[in-house]
Amino acid sequence: MIPYHAPINDMTHILKDIIGLERLSSLPGFDMVDDDLVDAVLDQAGKLATDILAPLNTVGDHEGSVLENGVVRTPKGFKQAYDHYVEGGWNSLPFTPDYGGQGMPWALAFPVQEMWQSANMSFGLCPLLNQGAVDLITEHGSTEQKDLYLEKMITGEWTGSMNLTEPQAGSDVGAVRTKATPNGDHYLIKGNKIWITYGEHDWTDNIIHLVLARLPDAPAGSKG
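Under the numbering used here, think of the first position of the sequence shown as 16, with each following residue one higher.
Possibly wrong hints are sitting among the right ones.
Straight line, CA to CA, 20 Å or less: simulated PhoX-like cross-link-like pairs of lysine-lysine [to be verified]:
no.	residue 1	residue 2
1	Lys238	Lys194
2	Lys205	Lys194
3	Lys94	Lys62
4	Lys167	Lys94
Note that these hints are calculated values from the structure, not bench results.
Generate coordinates for the entire structure from the input sequences, incorporating the hints supplied.
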């Protein structure tokens, strides 16, 4: 296995010398950003990526995930790594404090996420898909939906998936055929979804599935 070492010097250079921490900390809500914070976040994220996530690549390659009695079991060590990740507050780093997030700038969160993806893509895809689900609910969810889902998804107690791909609709997502028919205060979903990244796992007690589907009066193509 090739060891992973996070390019912290390069990341620090970009944040401090190119973006500029004074400029970043002058933005609303980011007055906490300074040299010490950036150094601490990148240093600790690098240790997690190097010491815990990267070594799991070999385990993942040899064991893989298995289906046992209807439950997906991820390779040995992955759930423990996720627990460590959540306990460290990494899942909540860039999200709004209104729902349990730390409110850090995305400019700092992105190099941290680069470490997860570079050290262990198999692990990093779960937080990545959860991020997409959190962003979608934050931007388009009702107050009731936000109150129900966001805090637990932001802290990492729950994870989220994005149910997009269908047998005939991969990169051409506009070709989806799944239908969502209104039925009172909810929708009846009919269709086929495949390749749902982290659509099932043993890391959390609940997984929130966001399903891309067409309403009965939706226009054809991507606009629908």
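- Task: Give me the numbers of the hints this structure contradicts, sorted from smallest to largest.
- Result: none
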